[in-house]
Amino acid sequence: MSQEVKKERPAPDPNSAKYKLNAIAMKAYADAQAAKDRGELIGWCSSNFPVEIPETLGIAVCYPENQAAAIAARGAGAKMCEISEADGYSNDICAYARISLAYAKIKDAPEQNMPQPDFMLCCNNICNCMIKWYENLAKELNIPMIMIDIPFNPDYEVSDAEVEYIKAQFWDAIHQLEEITGKKWSDEKYKEVMEYSGRTSRAWLAATSCAKYTPSPFNGFDLLNHMAVMVTARGKVEAADAMETLLKEYEENHATGKSTFREEEKHRIMFEGIACWPWLRATSTGLKSRGINMVTTIYADAFGFIYKDFDDMCRAYAKVPNAINLELARDKRVKLCKENHVEGLLVHTNRSCKLWSGFMYEMSRQIGETCNIPVASFDGDQADPRNFSEAQYDTRVQGLTEIMEANKGV
Amino acid sequence: MIYTLGIDIGSTTSKGMILKDGSDEVASSIVLAGTGTAGPKMLMEQLYEQSGLKPEDIAFTIVTGYGRKTFQEADDQLSELTCHSKGVSFLFPQVRTVIDIGGQDAKVLALNDQGKMTNFIMNDKCAAGTGRFLDVMAQILQLKIGDLEKEAEKADNPAKISSTCTVFAESEVISQLAMGVDMPNLVAGICQSVASRVAGLAKRIGIHEQVCMSGGVAQNGGVRQALQNELGVPILYSEQAQLMGALGAALYAYERVMNK
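From first to last, the protein sequence lines are chains V and H. Going by the numbering used here, the letters in the first sequence line up with residues 1 to 410, in that order. Going by the numbering used here, the letters in the second sequence line up with residues 1 to 260, in that order.
Think of the hints as simulated: they come from the structure by calculation, not from any bench. Small disclaimer: the values here were computed from a predicted structure and weren't measured. No false leads were slipped in.
Taking lysine-lysine pairs in the DSS-like style, the calculated list, with each CA pair at most 27 Å apart, reads:
| id | chain 1 | residue 1 | chain 2 | residue 2 |
| --- | --- | --- | --- | --- |
| 1 | V | K105 | V | K36 |
| 2 | H | K116 | V | K408 |
| 3 | V | K212 | V | K18 |
| 4 | H | K116 | H | K69 |
| 5 | H | K20 | H | K54 |
| 6 | V | K266 | H | K260 |
| 7 | V | K288 | H | K69 |
| 8 | V | K288 | H | K116 |
| 9 | H | K203 | V | K332 |
| 10 | H | K203 | V | K354 |
| 11 | V | K36 | V | K107 |
| 12 | V | K248 | V | K335 |
| 13 | H | K69 | V | K408 |
| 14 | H | K116 | V | K338 |
| 15 | V | K191 | V | K167 |
| 16 | V | K408 | H | K260 |
| 17 | V | K189 | V | K167 |
| 18 | H | K69 | V | K266 |
| 19 | V | K266 | H | K116 |
| 20 | V | K191 | V | K319 |
So here's chain H without its partners, still in its complex pose (with noise of 0.2 Å):
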């Protein structure tokens, strides 16, 4: 039996996956605290925990995301945009246009029919279209992050958020909040505007279905209808989507340990 470990460390959370053989999960789990953190080591424990495997037992670990470079850990790292394309590949094989949004960026990636990326696409240093936008808004409307799907569904009439700035846009939403527009109207307008930021940077890069979404604001029902809605195709999504980059890092892992 071979084990392989996938690390990505983002801005704000860190994943871990540790897979049987390249293919069988084993060990999974998500740590609220990013790169610069103690998120990293309350990840690794808790894997070895729940897998009752030993850091010997690894055969080998691949590390990604922005906290590739300080983890000392691991035996090699690779880009978060190769590692996602991994991992939605081998979930949906037919999947050619991944849109991973995370904490602090959003990236378009294209895939050939090999699953291999060809070319990808980011956001610019703004953190509108990201995460981060939505933990703001969420914050500003005292919600909880998880809550923003469940009041989107409820809207009937989305609120314009205009602004492409997260600060310009904080005040946007609170003074509609005070010209009286409702919760789920307002949520659905901030979830349309991550939407179409994003929308945009796919359609640059070109759309080629299937459709994908990855990273931790796929989790949000709102932000995947809105996107749905801008692209006009159905947009694929796994219940691990925050986990596919780690997924990713565990199966290159695992074929470095085929090739040695």
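Bound-form chain V, shown alone (with noise of 0.2 Å):
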């Protein structure tokens, strides 16, 4: 009988930008640790929230989102839904909060362990069911909270007073962490991580917007891995060198007619939603396996933020996706379409974000029709497996597929 034999790997490349993201966001997690091992209090901290905040002051944050989504592809979604549901929190809130909740109860997640908080930094902007989430977390763990209170722009600019309402918002969050780690803003800090924060958005925006070229020199999925790092460390100097080095390998596998996308890239899509983390690998196949390269997604542009100070900073975290009006949120998706040659969009009807998954039914509509192309949904969750069925995901793709060929002939 044959044995098998397993291909070696080679080994990763440190100077690689694939290489030095992954430790990026490991380091996120160890340094947070470290901080706690020596006594430092830390927090746990929403996406969105402001970074720049707890970076000026030197707290180590973690990030409940990101370490939900790790566990969920890692395969213990279900398991630690099930934990918060047996406490009576119903099936029907965001899976990352079950996740969450069950962590903080269980304290240990071997598939993505951190160190429990000493207070709560949330911001509403990306979604108003975070606030329950963390303020039962903080009553579980009898933590402070502080909150941003960001709030859902019907407009299609930031009013100046909104930015008057969340700087003092701003402020006051920063004067209440003083006062709990000890720790002390400094503005020539705060100008160091702006730097940083503009130019690992800048060049990370740089490096998704590669997608303009046919065909794209990465595949869409990168970015999904790639973005943990713009969640947990953009204002950070490793973060700037590292979305720099990723949009120099863009450029160059476009010049060299190179892509991480390993197929012939038939078709290109825009992805709607957050990834369905647990069917990862099943959702990433159903596309690379129809050459469909998913090349570009909101999703991953939310976490770019350009400013050049303070107010404006605060005009920045205004603007995410989830806070800002259909008609905003429509044409920059439109545009995102444009700019990337998209012939077909995917929605992920995702049970844990009902605001996201809301507006979708509308908004893919629009989109539709002024970019006319064919639009396909189909249903799952962020980090709940219990709510993906392969054969119904694998239908949608097929005809969506087909009507791409129809549309080019094939």
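Fit chain to chain and form the complex, with the hints in mind.
The structure is reproduced here in structure tokens:
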């Protein structure tokens, strides 16, 4: 009987963007654990909280959303959800929240551990369910919660009044954190963080915009991995360096005709919604096997923040995708579709995210009409594996493919 | 003469059609057993027996439906979305909207003036608004699925079945029975419930006339009538509604042969 020969993978190049980005993502958890071990106070932080604040203050934070995604992608989503459901949390609420609440209770998940928090940092610009999730964590763990309210903006622009409202809260959060941790705000340090955050964001957005090339120099699913650094470390110099490397690699790929999308790129689509982490391989393979490259997603660009000063930073945080009105949100997506030569739209109707999935009914219709592209949607969940059917996903993707082929006269 | 075969293996039934020269039906059959059963094998036997043809006489076979991935005897596979569009537009060239309600899903397909699908929308994972919903309801009422239409026709005051979940609707129907609601009104309410769920989908993608129903549930006049009322447009329907996917597959198979 022949023995299975395992192919040895080449050692990763430590100068590659992939290596650097993975190292930063892992180091974020290690740094937080090290800070905790030194006796420093650490926080749990929502993904679109102004990371510049803890970064400037030198406070280590962890990101429950990021952790829940990692736990779900590594196969423990259902186990964790069932723990919080047994505690009385409805399976109608966000699966990130259920995983996070379970983790706060059992305090161990080999799939992705992180230190327990001493305070919570919550910002509702990307999600309103987060307020109750964080409040419950704060109550269960008996720790303070700092809340920044960035209301949904029905207008196309961010008004000066809204900037003032947000700025006052940012300063209040800074003062509360100074009091809780004993660390002091420094304008000099803030300038440095702002510079790194700007460099990281500019490089990230330039890298994602390389999908304008045909074929795209990258597989869009790469963005879902790389964006972990945008969530957790965008204010760090290493992140700026890694993102600039990523941009350079994508430009080089384009120049040399290479791509991290290993198949022939037959079709290009935009993916809408948070990734279906428990079924990432199934959702990715369903596209790749048909030569479909998911070249763009608003979800990735959502974590690039470009601003010039503190006021402008407040404005930038009021413009994250789920805080803006349908017309502006639609126009941003239409721009991505047009710039990146998108031929179809695949929408993840995400059971966990009622807000995002709710407005997509109408928005996807408008995007489809404006860009003259077919739209298909599938049911799934960002972290609860029980809300996905592979066969149903496959039929929808095949239907979308057949329309795109027919449009090209294939 | 060129014979092509279209097979549509659904969740509850297997359907097939053999065409001669891409237009004339030579054989067709429906077996009440779907993917994962002996249904597809029985279907093939029936088609060959009916037509007098042998497997080697078939120039090209396309399989569609939920069982398309596991059926090994076809030359290629296509989604049921594309095949239903093709089948319906072959019989009704003026149709621009197809409403296909099958065993476990409901689909609304938008067609262009060449009969090509340009967009589609499907129900979510829930079985409400599908053939399975009607199966469950018929079982509770101890009726045959084919009797639902006759019962619905006699209704004068259709009951309101408001639950969108099949399981909850089941208990709602049982409690209405217990309250003395008569059979015709209960059946009409059930048909109305399916129609209103599907109409919601259809309105999201946009209704463009002509509208045609395909799939097994299209044979239920109660649902057809209720859907017509909901949408406010006439709904075309073929006696062979359940075979539209197989017909479309056989037509695509013929195109493949001609384009070789």
